[in-house]
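Protein chains: 4
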Amino acid sequence: MAGSTTGHMFRVTTWGESHGPAVGCVIDGCPPGLRLDASVVQRELDRRKPGQAKTSTTRREADICEILSGVFEGKTTGTPISILVWNKDARSGAYEDIKDLFRPGHGDLSYQARYGIRDWRGGGRASARETIGRVAAGAVAGQLLFEKGIAVRVFTLALGGVKAEKLDMEAVHGNPYGCPDSEAALAMDARVEEVKKAGDSIGGLVELWIDGLPAGLGDPVFDKLDGDLASAMMGIGAVKSVEIGAGFAVADLKGSESNDAMAAQGFLSNNSGGILAGISSGARVVLRLAVKPIPSIGIPQQTVDIHGAPATIVTRGRHDVSAIPRILPVAEAMAKLVIADHMLRWRAIQ
Amino acid sequence: MAGSTTGHMFRVTTWGESHGPAVGCVIDGCPPGLRLDASVVQRELDRRKPGQAKTSTTRREADICEILSGVFEGKTTGTPISILVWNKDARSGAYEDIKDLFRPGHGDLSYQARYGIRDWRGGGRASARETIGRVAAGAVAGQLLFEKGIAVRVFTLALGGVKAEKLDMEAVHGNPYGCPDSEAALAMDARVEEVKKAGDSIGGLVELWIDGLPAGLGDPVFDKLDGDLASAMMGIGAVKSVEIGAGFAVADLKGSESNDAMAAQGFLSNNSGGILAGISSGARVVLRLAVKPIPSIGIPQQTVDIHGAPATIVTRGRHDVSAIPRILPVAEAMAKLVIADHMLRWRAIQ
Amino acid sequence: MAGSTTGHMFRVTTWGESHGPAVGCVIDGCPPGLRLDASVVQRELDRRKPGQAKTSTTRREADICEILSGVFEGKTTGTPISILVWNKDARSGAYEDIKDLFRPGHGDLSYQARYGIRDWRGGGRASARETIGRVAAGAVAGQLLFEKGIAVRVFTLALGGVKAEKLDMEAVHGNPYGCPDSEAALAMDARVEEVKKAGDSIGGLVELWIDGLPAGLGDPVFDKLDGDLASAMMGIGAVKSVEIGAGFAVADLKGSESNDAMAAQGFLSNNSGGILAGISSGARVVLRLAVKPIPSIGIPQQTVDIHGAPATIVTRGRHDVSAIPRILPVAEAMAKLVIADHMLRWRAIQ
Amino acid sequence: MAGSTTGHMFRVTTWGESHGPAVGCVIDGCPPGLRLDASVVQRELDRRKPGQAKTSTTRREADICEILSGVFEGKTTGTPISILVWNKDARSGAYEDIKDLFRPGHGDLSYQARYGIRDWRGGGRASARETIGRVAAGAVAGQLLFEKGIAVRVFTLALGGVKAEKLDMEAVHGNPYGCPDSEAALAMDARVEEVKKAGDSIGGLVELWIDGLPAGLGDPVFDKLDGDLASAMMGIGAVKSVEIGAGFAVADLKGSESNDAMAAQGFLSNNSGGILAGISSGARVVLRLAVKPIPSIGIPQQTVDIHGAPATIVTRGRHDVSAIPRILPVAEAMAKLVIADHMLRWRAIQ
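Chains as they are written, first to last, in the numbering used here: chain A, 1 to 350; chain B, 1 to 350; chain C, 1 to 350; chain D, 1 to 350.
If you're looking for bench data, these hints aren't it; they were derived computationally from the structure.
Among the clues, some could well be false.
Repeated chains share a single entry, so a pair holds when one copy, or any two copies, can fit it.
Pairs of lysine-lysine, DSS-like flavour, derived with a Cα cap of 27 Å [stated by the list, open to error]:
| id | residue 1 | residue 2 |
| --- | --- | --- |
| 1 | K254 | K197 |
| 2 | K88 | K49 |
| 3 | K197 | K99 |
| 4 | K148 | K163 |
| 5 | K99 | K75 |
| 6 | K99 | K254 |
| 7 | K163 | K49 |
| 8 | K49 | K99 |
| 9 | K196 | K254 |
| 10 | K163 | K75 |
| 11 | K196 | K166 |
For reference, chain A alone in the conformation it holds in the complex (with noise of 0.2 Å):
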């Protein structure tokens, strides 16, 4: 029944409800002697904020971040690492009339099954507010990864059917959706627009690449960085399909096709996503996500109510149309997590 905390070496348990007075996170195993301030956590934690794209849920909340422990004159001791963001503008009320329906698509019933007992009030621990303490985690094993000049970037690469033509990692910042093709990104934002009148909500298509990684990483049979990468991102709030590389396309492939042949400046192709055999080969890991539509839309549906008598219900308070961008930075997150543990387990880091 303890399934809060993730990795071995990196070791990290987020805490905390949505609606409850603070939610955060404690890394256990940051290697002493990294620079490390708020500010540092707080960019990431501004990038997964509420209120910057159309999407967006209309919840204002500043996100502070306070680093309690483990930081000493600027830099980490090697010590347990305590960050902790208040509640504030969380709104019950919304929850109250909804408290006894289970919301389609929330986890709300399969909750209430494991529990027999649930803080309704905005999702409680199944909030994406539970994702802080993942981005401020993340936010710490950014700047050890950075040390070793592993990047990780994420982007949309299609939002509500529209889909990006182009990868252009210079766009990306420079539309709300995170989106690597600025034609595409204005399609999103009309799409968004149109949806949201509707009262509904929508998925999407994400990728994240990580650069940088040294060959060797992961650990057979078990622990690999490939599984180790899935279980992340499958167990973000709405991801519903993880592929690596060519991914789902290499049902359809021969062998002499899906080989990355080899030569001396490295591999001429990358369908295997940077990783052979569950241990990365050097080349880029590439990942794809699909993300689900949020299921809190304001047309009804039919439900039940916890006695299972059946009930019309429709999920007010405030949503976001679609868990992107406001993922991307916990996807993020999830993948710098798992590499900065692996990078420890095999000694990469010191």
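Starting from the structure of chain A, add chains B, C and D where the hints point.
Structure of chains B, C and D alone, referenced to chain A:
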């Protein structure tokens, strides 16, 4: 560097190389009093044994298992169950002349990078023979689940571009490919014949159904049921994509389409694939895997040797043409291990 | 390098330094539905609070705890319980001038060797203030055990050479030393007075009794109940010896003396201390700990600085004269954590 | 219920029952490139083999080990090392007529309570034969430590009340009791003779020295070096007390006596036993264990059967008179496992 153990309560460690003396597993945490004898394990090992479909290697192994501990008078005692299978038909000669070359699509390069040394005979630890330990352990887990009315089914959705058009569970065991569409199975057979002749290999799609799960299984937020299943599946050698429920397709759905409405009789659809917020919902758990073609092919490929010098390689040896169907019992075993572990963690099994 | 988490099912992570902003813990895996409010935790924290016996530091901390997550409407929800206590009366000035000296008997040298950096203020992470997180978590575990009829008692067998001659449990709470012999407690008081005047410190002996345990608790062969209790106790700052049952004395016994004969009414003696082959036998679990004197003393000591140069040090600051009695609630808390974890692992608690 | 694995980075799982087909272990996480062959392991197994001292059982086992994986061309490959020893001279007949009786001082009752079923032949999993796996794994760990200049020594301080008065390390291997005092060893021999005649058994004291450890080893606050060593030692069948450094004696010391002063050349005393705040200080690590008498004796004892009915039992079979000296290589092995694991966790071994 210790990645050969999976599970927390139902903990499995596999060991062994393709051309070493033996392969096996140790299962720790199996509840006492479970009826178990070697025949239960043998039945599952026979399913993954080489030589049963045209896709298979011609290596001939009887793969007879011995249970060395943890069972007394036909019942488990709660102590570790050690299962061993001797390697008999290993022919290392075929590997001797390519031992310094990195086979494209294989783990040679990544293992070399990680360990600086590797048993090059038959793929060593990265060989499919390692899955014997998984399948043996899965057979034990399966006994536990059977007593709880939980059933795992696995079948081939597509092979080398040939797709099953029907999901006839009766048909699955009537053809060598585990295909739920008898006609498609014939076409698959023709496809295999053709690819084999060309010295090439093919990939495909596999689907798993888990029925009988209680709602409430899965530990938020990092040991979720979907995260653990994704890790288990992506950690199987040839798998490059894992989907749950509607999977990849959710990217194009709207919330009003992807949400599974509920009525007194249960869910009215199953886009969630039986998992909500990482916890089972009581609906069927549905997983889909994309399986890459076997990287060993008879066609010359461009590669490098361990010193980085360019070379051409033909990977002879005795190889499967596709990981399908032999991957089916492996995927099934991994699913059983994850479920058994979560059932014990949740105390749904005493 | 991540060693701040203990337990498998009832998993506790502590964080925080003596002179940082706060200290605390996260408890993951506490079953849902347990009655819990801050007062339950506060009661235990008050027992370890400084300033209640002559042995204690004059640091004045109210040590008021806040529960930040995992509790809803007075009951646990099964999600992580985050508990925080702010540090208020930290005075780092006293440490400023000895920050480059290794205090004898303290962890200064070993922490420096491990991390190359340390928060020298008040002992940093090696301070007794870290135990606040343990005691808070132990209070939650204690609630669980209380409902199962399991009671942990702890008392002072000896202090500064003064030994309890009686084991009168009524007397334990009637004196500031937790001594089961009221007369001995008076002699302990005189001893403390005398040692304090001399600027010195003293050690002692502590005993724990765990009653109400079912037979069958403990996981052979490496997670035995006695092994886990020994680890928990030896991991408390000042403890240098752990005995179970007859303990050290078994070395001089014969088998015919040390074996506990059994009759219909139970065991006829308890040399085993309630544990056989690492598993509880149903008899009272008995543990004995030797506690070393507080290393901070007012008497000049010979030492070296971080560069290895010889120096003389007087460790001023506000220190306890003995870890007893403040170590009593810490040892009790650690015992509760071990028992709660094993009860959950064995599914003796649902 | 899975307690047969120890270590995080150097992870060891033991399996096997006394009268099952075999016993063994799997070592996962051993670094690649370590010279290893069966003779290294055999040497240590020979030290714990029955029949070398008068204290020993007359069971005759050659205890020849086979290494089944993880070693290629005389070197470890980084993959799991599986080691197996067949049971040959098991005679279950002697146990047949006491299979329903709980032997005093043994784990019969506690195993029965835990599992509701047990392999009663020869103590099953609770037999000393389980330690074969530990000793084999310890031999591998020892190879690692040897390369780092770390040495573990173990000797008998007392046996059946006869105490070593000298600590002459040369003498240790010159007598069958591992006693550092040759004269005391003779007295021990006489004592054993006498006790054997009486059908009784005896306990004793064992001491371990670990030299060559770097300062800085150990993970605060729950995976401390002293906590992990205490767990490892207390988890050995017959051990009822573990002391570190001055151990039990600290209870009577003053701070000015127990603190180890430091000078340029190092510590001026070693009451801390080489561990400060749970982390190695660079001084010799000193451990002392109290070992209880073997519970199997030829003298009738009062007990109950599995239904609770009173009975008298004589535990025939072929038993040691004392766990000493055969416990020596086991304690040494456990120390090596803990140290190797911590060296890897701290990246002091690459």
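Status of the hints after comparison with the structure:
In this assembly of identical chains, the alpha carbons of K254 and K197 lie at most 27 Å apart only when taken from different copies (13 Å versus 46 Å within one copy). For the identical chains of this complex, K88 and K49 are intra-copy neighbours only, at 13 Å inside a copy versus 31 Å across copies, given an alpha-carbon limit of 27 Å. With identical chains, the CA atoms of K197 and K99 are at most 27 Å apart within one copy only, with a shortest distance of 26 Å there and 63 Å across copies. Proximity of K148 and K163 under a CA criterion of 27 Å is satisfied in neither setting, with 33 Å inside one chain copy and 45 Å between copies.
Taking the shortest alpha-carbon separations for K99 and K75, only the inter-copy value of 17 Å comes in at or below 27 Å, while the best intra-copy value is 45 Å. For the identical chains of this complex, K99 and K254 are inter-copy neighbours only, at 24 Å across copies versus 52 Å inside a copy, given an alpha-carbon limit of 27 Å. In the homo-oligomer, the alpha carbons of K163 and K49 lie at most 27 Å apart inside one protomer (25 Å), although the nearest pairing across protomers, at 44 Å, exceeds that limit. Taking the closest pair of Cα atoms, K49 and K99 come within 27 Å of each other only inside a single copy of the chain (26 Å); across copies the shortest separation is 40 Å, beyond that limit.
In the homo-oligomer, the alpha carbons of K196 and K254 lie at most 27 Å apart only across protomers (11 Å), although the nearest pairing inside one protomer, at 43 Å, exceeds that limit. In this assembly of identical chains, K163 and K75 lie within 27 Å of each other by CA distance neither inside one copy nor across copies; the values are 43 Å within and 47 Å between. For a Cα distance limit of 27 Å, the shortest separation of K196 from K166 inside one copy, 26 Å, qualifies, whereas the shortest one across copies, 38 Å, does not.
Checked against the numbered hints listed earlier, the structure breaks hints 4, 10; every other hint is satisfied.
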